[in-house]
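Novice: Those protein sequences? They're chains A and F, same order as listed. Here my numbering is used: position 184 in the first sequence is 184, and no number is missing along the way. So my numbering is basically just the index in the second sequence, starting at one, shifted up by 221.
Here are some chain A residues pointing at chain F (derived, C-beta under 10 Å):
{"hint": "1", "residue": "10"}
{"hint": "2", "residue": "69"}
{"hint": "3", "residue": "81"}
{"hint": "4", "residue": "82"}
{"hint": "5", "residue": "83"}
{"hint": "6", "residue": "84"}
{"hint": "7", "residue": "85"}
{"hint": "8", "residue": "87"}
{"hint": "9", "residue": "88"}
{"hint": "10", "residue": "90"}
{"hint": "11", "residue": "91"}
{"hint": "12", "residue": "92"}
{"hint": "13", "residue": "93"}
{"hint": "14", "residue": "94"}
Derived by calculation from the structure, the hints in this document are not laboratory data. By construction, the Cβ of each residue, glycine as well, lies at the ideal position given by its N, Cα and C atoms.
Listed below, chain by chain, are the residues.
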Amino acid sequence: MADAVHIPDEAETRARWGDFAWTPENAEQARVILARYPKGREQSAVMPLLDLAQRQVGADTQTQGWLPVPVIEFVASQVGVPYMRVYEVVTFYTMYNMAPVGRFHVQVCGTTPCMLRGSDDVLAACKNKGLVKGKTTPDGLFTLTEVECLGACANAPMVQINDDNFEDLTYDSTIAILEALAEGRTPKPGPQIDRQVSAPEGGPTTLKEMVSENHDYRGAW
Amino acid sequence: MPKLKVDGIDVEVPAGATVLQACEAAGKEIPRFCYHERLSIAGNCRMCLVEVKPGPPKPQASCALPAADGQEVRTDSAMTKKAREGVMEFLLINHPLDCPICDQGGECDLQDQSMAYGKGHSRYDENKRAVTEKYMGPIVKTVMTRCIQCTRCVRFAEEVAGVEEIGAIYRGENMQITTYLEHAATSELSGNVVDLCPVGALTSKPYAFEARPWELKKTPGIDVMDAVGTNVRLDSRGRQVLRSLPRINEDVNEEWASDKTRHAVDGLVRNRIDKPYVRVGGKLQSATWDEAFQAIARAAEGVTGNAIGGLAGDLAEVESVYALKTLLGAYGSSLHEARVDGALYDVSQPASWRFNPTIAGVEHAKAILLVGSNPRWEAPLVNTRIRKAIKRGAKVFAIGPQVDLTYPVEWLGEDIAALGDLPDALTQATDVIVIAGMGACTIEGGYGAARQTAAALGAGFGLLHTAAGRVGALELGFVTEGGLAAVAAAAPKLLFLLGVDETDLSAFDGAFKVYIGTHGDRGAHAADVILPGAAYTEKPGTWANLEGRVQRAERAVFPVGDGREDWTILRALSAVLGKTLPFDNLGALRAKIAGDHPTLANEGIALSGALDVAPRGGDVSGAIVYPITDFYLTNPIARSSPTMQRCSAELLHGETFAEAAE
Chain A
1 MADAVHIPDE AETRARWGDF AWTPENAEQA RVILARYPKG REQSAVMPLL DLAQRQVGAD
61 TQTQGWLPVP VIEFVASQVG VPYMRVYEVV TFYTMYNMAP VGRFHVQVCG TTPCMLRGSD
121 DVLAACKNKG LVKGKTTPDG LFTLTEVECL GACANAPMVQ INDDNFEDLT YDSTIAILEA
181 LAEGRTPKPG PQIDRQVSAP EGGPTTLKEM VSENHDYRGA W
Chain F
222 MPKLKVDGID VEVPAGATVL QACEAAGKEI PRFCYHERLS IAGNCRMCLV EVKPGPPKPQ
282 ASCALPAADG QEVRTDSAMT KKAREGVMEF LLINHPLDCP ICDQGGECDL QDQSMAYGKG
342 HSRYDENKRA VTEKYMGPIV KTVMTRCIQC TRCVRFAEEV AGVEEIGAIY RGENMQITTY
402 LEHAATSELS GNVVDLCPVG ALTSKPYAFE ARPWELKKTP GIDVMDAVGT NVRLDSRGRQ
462 VLRSLPRINE DVNEEWASDK TRHAVDGLVR NRIDKPYVRV GGKLQSATWD EAFQAIARAA
522 EGVTGNAIGG LAGDLAEVES VYALKTLLGA YGSSLHEARV DGALYDVSQP ASWRFNPTIA
582 GVEHAKAILL VGSNPRWEAP LVNTRIRKAI KRGAKVFAIG PQVDLTYPVE WLGEDIAALG
642 DLPDALTQAT DVIVIAGMGA CTIEGGYGAA RQTAAALGAG FGLLHTAAGR VGALELGFVT
702 EGGLAAVAAA APKLLFLLGV DETDLSAFDG AFKVYIGTHG DRGAHAADVI LPGAAYTEKP
762 GTWANLEGRV QRAERAVFPV GDGREDWTIL RALSAVLGKT LPFDNLGALR AKIAGDHPTL
822 ANEGIALSGA LDVAPRGGDV SGAIVYPITD FYLTNPIARS SPTMQRCSAE LLHGETFAEA
882 AE
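With the rest of the complex left out, here is chain A (with noise of 0.2 Å):
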């Protein structure tokens, strides 16, 4: 636990945020995202309304958004949940903030595939643009997670910086990444290398025919 986030003094968010509401666009939202379960059932929504609250304290901050304690006790009486339990939602997932981060949260994966296809270097590329683990950089645009498999192995390794994966990473395009954010530009997501989304590298390997056409195989079998 010695690299916990440090979660914000109690009294200074409720201070902050404890006249937290829904903007009408998100309130509408809300609304819809609630109406996807059947009635007696609003608890389902829990996990959604929190996505769309750490959003809206995202835009309030220009960041990418945390969930202080009376935004979740806020969502919890939407949903109509003791406080604790939707606290225990938001300490579980990764995904929910517990404490304010950067305009950019830069997540690498750290798990097998990733690191032995070099996110060894991927992390020293962060640390080398002064990122620290943890830690939102003094300018504020930048918090480092080092997280667990995100599930795009096949382009290892790769990060995801808000809502985007940037993947097939090297120490160089890492650093041009962290510098086109940096800069205010938007650097292109998906595969840094010459490669379309998952599939191989220097074009298909297999079913080479149906690249052009819907091509049948059936003479070949």
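Keeping the supplied structure of chain A fixed, place chain F upon it in accordance with the hints.
Specialist: Chain F in isolation, oriented as in the chain A frame:
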């Protein structure tokens, strides 16, 4: 009714039973941590693994596996043994080896089961996990590194106590049990998680580092903190009762006890009256027994009939009330009253004052109407039964000021007049119970109106008493027509007070007051002579709980100082007064009681007969005020208890206490 074989033994279990229960039916012990028969099944500790055929070729968690026809279960196979050893080794990986400084040591499930089912050594030599302590309030001390995450406390808080404040945060290796934001758990049942915790993660804060279980003398007792009559085990060392733990009694308290039951015992060694006192020149001065008795004899001179009266307090046991009644009878007095809270209800037959549906019977109600009662404070273990009824689909309606009863309640109004306008959901329900509290009985006609409502609904009727001694005294006929006000109006010259501390005694200013009790509390302040009595742990006594269930307790320790058992004080005093009572020992006294009052002869509920026609109540109105204003400070023992004072200050009055730096 599945039939299966456990280690070659044929057993038949009810449909819906688990393999673990089938094994127990076959007499096989299954080690477990997370499984608890009164909580939902979690299946997360894996300690109850057994080999089951048919099924996958691996051990299965017996607590979560339904018993099925034709299963063959092995609890003694090599696979089962290896599985248990493996699970135990995993559980111990992160469990600290601090048994010598752990309060659970000696009564720890993990200790016992690692002895019985463990390997005896560990192959783990990495660093252990450590978890920061959590604050759970003044009752529960936490050492969370010891936690094995069985989640019994979480399930108890949610399912039984009804306060969803305990939970498991984070996940995997980092999973931690805590209260919401580490605020104190606001449950009057929080002490039960200490018993539920199979390891030393949650231990009793007031009892921390006090004693080892093998040093304690264990005495079966009856709790007097409320009228439920919780069956307790009093653990004492030397002359002090160190803790009070619930005994299992399915009809009364299941295996729970309220925090007041558990932790008021530290009030038994504080603020005690340890010698007689006599008021001389307006000041109480310590005296010998003889001087005190002579003072009473002087006051009793020439006083006869209803110029002598007696009041029985909240904690008085049947024996002393009977002795007092007999003494008053010797003077020709029938001026005695047990309803010292000023409540008025019909005392013509036992069924009129008892909790007739019985505590266990509450579970089967389909609708419950609470009239002027806050069961969460007046009888927390009746409240848990109401919660159980709600889980089975019951609806609860209540008349009185809105309070959080831990379950959904339809509030019908604060005025008892709401009895005249009940919703259809209640009037058309079957299996209804009407529970009238002292809040209704202190309103004139309130009792009659509640009982008439019950009769009109065809409902069971129960009076929810708040005092442990009340029903026993009522069964003895320790009442006067008109109640407490009538006793005051009779203006007795000499008044005996059997531990009367919750009553405003200013109405008896003209009387010479003899207080027999245990604590220097309100009753003693008003007294002219104080005689040191025995607290409930210090005498073999009989109490009738709110159902009229007669329960006997044994003596755990002797009274402090010069204190004596209350009935022996009255017996000795009667000799000085020249009205010697006709019993010399407890056996003779109990035989007299059994002869005069057959309902008190044997333990258990003596049938009371059906309720007769409800007395006239008519239209009543009046705002209901609940009798208990502070759950933790309802009697002199609790008021003297530092733990209860702390609970009251912190949980009810919102005071904060800085934690001592360690």
